[in-house]
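First to last, the protein sequences are chains U and L.
Start counting the first sequence at 52; every next residue gets the next number (our numbering).
Start counting the second sequence at 25; every next residue gets the next number (our numbering).
Incorrect hints may appear among the rest.
Some but not every residue of chain L turned toward chain U, in silico, with C-beta under 8 Å [what the hints assert, rightly or not]:
{"hint": "1", "residue": "Ser57"}
{"hint": "2", "residue": "Phe125"}
{"hint": "3", "residue": "Lys183"}
{"hint": "4", "residue": "Ser276"}
{"hint": "5", "residue": "Ile390"}
Chain L regions said to be covered by chain U (calculated; three or more residues, Cβ under 8 Å) [stated by the list, open to error]:
{"hint": "6", "region": "72–80"}
{"hint": "7", "region": "229–238"}
{"hint": "8", "region": "246–259"}
{"hint": "9", "region": "277–290"}
Calculated lysine-lysine pairs in the DSS-like style (CA-CA distance at most 25 Å, straight line) [as the list claims (entries may be wrong)]:
{"hint": "10", "chain 1": "L", "residue 1": "Lys183", "chain 2": "L", "residue 2": "Lys217"}
{"hint": "11", "chain 1": "L", "residue 1": "Lys61", "chain 2": "U", "residue 2": "Lys164"}
{"hint": "12", "chain 1": "U", "residue 1": "Lys270", "chain 2": "U", "residue 2": "Lys280"}
{"hint": "13", "chain 1": "U", "residue 1": "Lys409", "chain 2": "U", "residue 2": "Lys427"}
{"hint": "14", "chain 1": "L", "residue 1": "Lys234", "chain 2": "L", "residue 2": "Lys211"}
{"hint": "15", "chain 1": "U", "residue 1": "Lys427", "chain 2": "L", "residue 2": "Lys234"}
{"hint": "16", "chain 1": "L", "residue 1": "Lys183", "chain 2": "L", "residue 2": "Lys211"}
{"hint": "17", "chain 1": "U", "residue 1": "Lys511", "chain 2": "U", "residue 2": "Lys482"}
{"hint": "18", "chain 1": "L", "residue 1": "Lys183", "chain 2": "L", "residue 2": "Lys240"}
{"hint": "19", "chain 1": "L", "residue 1": "Lys240", "chain 2": "U", "residue 2": "Lys427"}
{"hint": "20", "chain 1": "L", "residue 1": "Lys403", "chain 2": "U", "residue 2": "Lys164"}
{"hint": "21", "chain 1": "U", "residue 1": "Lys511", "chain 2": "U", "residue 2": "Lys472"}
{"hint": "22", "chain 1": "L", "residue 1": "Lys61", "chain 2": "L", "residue 2": "Lys240"}
{"hint": "23", "chain 1": "U", "residue 1": "Lys280", "chain 2": "U", "residue 2": "Lys164"}
{"hint": "24", "chain 1": "U", "residue 1": "Lys472", "chain 2": "U", "residue 2": "Lys482"}
{"hint": "25", "chain 1": "U", "residue 1": "Lys164", "chain 2": "L", "residue 2": "Lys376"}
{"hint": "26", "chain 1": "L", "residue 1": "Lys234", "chain 2": "L", "residue 2": "Lys183"}
{"hint": "27", "chain 1": "L", "residue 1": "Lys217", "chain 2": "L", "residue 2": "Lys204"}
{"hint": "28", "chain 1": "L", "residue 1": "Lys404", "chain 2": "U", "residue 2": "Lys212"}
{"hint": "29", "chain 1": "L", "residue 1": "Lys204", "chain 2": "L", "residue 2": "Lys183"}
{"hint": "30", "chain 1": "U", "residue 1": "Lys281", "chain 2": "U", "residue 2": "Lys164"}
{"hint": "31", "chain 1": "L", "residue 1": "Lys404", "chain 2": "L", "residue 2": "Lys376"}
{"hint": "32", "chain 1": "U", "residue 1": "Lys427", "chain 2": "L", "residue 2": "Lys376"}
{"hint": "33", "chain 1": "L", "residue 1": "Lys211", "chain 2": "U", "residue 2": "Lys212"}
Worth flagging that the hints you see were computed from the coordinates, not collected in a lab.
Beta carbons: idealized from backbone N, C-alpha and C, even for Gly.
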Amino acid sequence: MAMREIILHQPGDFEEWRSHARVLLAARIPPEDIVWRHSGESASLFADPAPLQPQRTISLLRELVTIADRVICHRDDGVPSRLYRVLWRSLDDRRLLERRTDPDTDWLMRCDKAIRRDLHKMHAFVRFRRVGEDETGRERFIAWFEPEHRIVRLAAPFFRKRFYGMDWAILTPDARAIWHDEELHLGPGGTRDEVPDHDVVEEQWRTYYGSIFNPARVKIAAMRAEMPKKYWHNLPEAQDIAPLIAGAEARVERMRETAVSLANPRSDKWRVRGDTETVVPETIASLDDLNEAVRACTRCPLHCHATQAVTGEGPRQARIMLVGEQPGDREDLEGRPFVGPAGQLLDEALAEAGLDRKTLYVTNAVKHFKFVARGKRRLHQNPSTGEIDICRWWLDQERALVRPDIIVSLGGSALRGLTGKSASISSMRGKVHALDDGARLVATVHPSFLLRLPDRERAKVERDQFVADLASAKHMAESLA
Amino acid sequence: MSEKPILQKLAVLADAAKYDASCASSGTVRRDSTGTKGIGSTGGMGICHSYAPDGRCISLLKILLTNFCIYDCRFCINRASSNVPRARFNPAEVVRLTLDFYKRNYIEGLFLSSGIIRSEDYTMEQLVEVARLLREEHRFGGYIHLKTIAGASPELIAKAGLYADRLSTNVELPTEDGLKSFAPEKKPQTIRKTMANVRVGVEDAVDARKDRLLRKARPPRFAPAGQSTQMIVGADSARDDDILASATSLYSGYRLRRVYYSAYSPIPDASSDLPPVRPPLMREHRLYQADWLLRFYGFDRAEIMAGASDGMLDLSIDPKLAWALQRRESFPVDINRAPREMLLRVPGLGTKAVDRIIAARRLGAIRIGDLARLTASVKKVLPFVTTPDWRPGGLTDSANLRARFAPPPEQMSLAL
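The shape of chain U in the complex, shown without the other chains (with noise of 0.2 Å):
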């Protein structure tokens, strides 16, 4: 079989080789039997075979085609014909991307990486220049840059969406792109002098570069890692690496003989005055002095990771006071009881035993919110007897100021809360019990309960029972009234 060669005019430009590809992929040419040349290359050694017949179509992978339109860009002069050699396989092999391990994938992989960091850093070292606004004050910029592969035509669209309100010209050896009424001309190469070399705010850049260093964390690799020197000739900043570099010692040592000075005398004018502790009030008198106080609690450890405490809420006057168990997740995060999916159903079941949550105080057996972090999680926590215990201090102090007729407990903290011992709902509930300050208890489930039931049926008898309870609580109220 003859060798054919192929001459590519435009080196970069994917729809040249496309076409050439296609055919010779249809002619069922492989690989071994081209050769792929740029034009202005050494003559022709070959003679021209036939025409190319097509005698199959070809429908190309998706990802691949999208990824020989990057990796033709490469300046590697072999990527013609490696590219085409993996086209050809993957006719054949519709799997052969997902083959890591196969020595085409890797070679094409790791060309597309090397694209595309060089696109991100083209994207990211490009610097302009200004040169002047037309007639109506739109800024015109215009920039010098060299990157390594023939990437012009791939980056122009990122720096449209972003400089979409300005007229801007991007050089490079290669090509260069212009954005001007809004419209995007890709053209040929330029050179280094048909952009201005200098501009204004480019003293800015190098004093806010200068001074956002900081000497005492000199790490030259890591910077060279991710800015190669070869980017270093277009980039403004970079004139002042080496004597940065070089002062950062001595200005760290500067810091250290004169560590320790004397205040500024001027501090006290502007400095925050006396003591910012929170003053907690000393005797309790209402429920904002306890809530006040309630705020500031650090009786139990629970303080250390909650965002804050949750008091209580509700009129004075309320007849009846539900009292739960802690604060969850979202209440912990609003600082208000009850405002969670727990909440939620508390006040649909509320409604329905026609009780309106505004007449009624609602608070919590412990103030703030107990868990354990589990990745992205609060797992909710039940409290310990002795944080209850502890947090009854506080209970009791509402339970004094508001001196509800009814106490409902939702849950077995509640409970424990409220009685001081440890018992189950299911003996406590149905019943009326006095508590030592004469009020009524109400004893039934704690909300959550009720959304943790996998079983709907059960769910829903729970949920009746729930509500049952809660309507106790108002008849209950009624005829005390």
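Please build the complex by placing chain L on the supplied structure of chain U, with the hints as guidance.
Relative to the frame of chain U, chain L by itself:
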């Protein structure tokens, strides 16, 4: 006081901002200036436009509005009692600088913080005003990171979230005791409450988008790149264990996108009770590695600390390797059979390498020669894996396995 020229202000207020490690411009929504008279685009992984000789990325114009401060946090260059030169930008100057830099492609956007002047609310208002000017008056579509001043009112936080891509509140020191002794005016609870406000704002905005009735409806976004924080490492006596405990609690409680660990670094006119030492850069690096293990590799804190001693991570080897050396009975693992969770625990394999391995082994057994195409660190992986043609034999249990990876001691002091 006479007004300083802009270059001088820039020098002072950039110098004052450099101890904030965060410079990310990633994680926000895709947005561009197409069809507008403005400029600016965001999206994807963010772009580092330059690197300083400290190896840090320069992505944003990171400055303070002012370095006057009524607080006296002892680790901070801007504390009230410091003798550093002071300066203050007005909002228009910051806007001008941001746009001038952005148009020249120096930056992805603005990171604006401030010393506390007059009050928390007053300071926050000033920051919000800069962001508002950029977005509303100049149709700026680039990235904006605003510092939320702990203790600022929820209404101001809500406003900040409308303009900013990311908000951040620094916890500064990992423990309550540390904060009490080094930053007497800062209250951990106030910081947590501010973070809670941000999380609620972000989640409510996401819910509002999900629940919209019309697809065309555009409920306002709220800090689409979420929130982050920073802890200073090495200024107080907190151990790595305390630091990771604090980080875990913050990640879970406030859905932080990132916790930044910043090695305490000597500052001009430092307070006399701070260590005048070189910043513990290796410690900072190990903490970042541990943080990654927590978030992307399925480790929990106790496991990471199993490879530590006395609450401090091993400085000479990375925390995953330190863990694996303690748990040699779990190795070697079969590259071709092990579940993803176990592959993630193999020293030397990152998340990308694991993904590649899983994709490749579906199409045929992976042999030892294939490994080099799947991961860059074959040598590190070898003692911990098997393939049809490779068994580490006694290597996994050999007494000097640690020495294979730990650098000799004299290199260590250089690395620090």
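Okay, the hints, checked on the actual structure:
| no. | hint | in the structure |
| --- | --- | --- |
| 1 | Ser57 | holds (4 Å) |
| 2 | Phe125 | holds (6 Å) |
| 3 | Lys183 | violated (19 Å) |
| 4 | Ser276 | holds (4 Å) |
| 5 | Ile390 | holds (7 Å) |
| 6 | 72–80 | holds (count 9) |
| 7 | 229–238 | violated (count 0) |
| 8 | 246–259 | violated (count 0) |
| 9 | 277–290 | holds (count 5) |
| 10 | L:Lys183 <-> L:Lys217 | holds (16 Å) |
| 11 | L:Lys61 <-> U:Lys164 | violated (34 Å) |
| 12 | U:Lys270 <-> U:Lys280 | holds (15 Å) |
| 13 | U:Lys409 <-> U:Lys427 | violated (34 Å) |
| 14 | L:Lys234 <-> L:Lys211 | violated (35 Å) |
| 15 | U:Lys427 <-> L:Lys234 | holds (20 Å) |
| 16 | L:Lys183 <-> L:Lys211 | holds (23 Å) |
| 17 | U:Lys511 <-> U:Lys482 | holds (22 Å) |
| 18 | L:Lys183 <-> L:Lys240 | holds (23 Å) |
| 19 | L:Lys240 <-> U:Lys427 | violated (31 Å) |
| 20 | L:Lys403 <-> U:Lys164 | holds (23 Å) |
| 21 | U:Lys511 <-> U:Lys472 | violated (30 Å) |
| 22 | L:Lys61 <-> L:Lys240 | holds (23 Å) |
| 23 | U:Lys280 <-> U:Lys164 | holds (19 Å) |
| 24 | U:Lys472 <-> U:Lys482 | holds (17 Å) |
| 25 | U:Lys164 <-> L:Lys376 | holds (14 Å) |
| 26 | L:Lys234 <-> L:Lys183 | holds (21 Å) |
| 27 | L:Lys217 <-> L:Lys204 | holds (17 Å) |
| 28 | L:Lys404 <-> U:Lys212 | violated (43 Å) |
| 29 | L:Lys204 <-> L:Lys183 | violated (30 Å) |
| 30 | U:Lys281 <-> U:Lys164 | holds (18 Å) |
| 31 | L:Lys404 <-> L:Lys376 | holds (16 Å) |
| 32 | U:Lys427 <-> L:Lys376 | holds (22 Å) |
| 33 | L:Lys211 <-> U:Lys212 | violated (43 Å) |
Checked against the numbered hints above, the structure violates hints 3, 7, 8, 11, 13, 14, 19, 21, 28, 29, 33; every other hint is satisfied.
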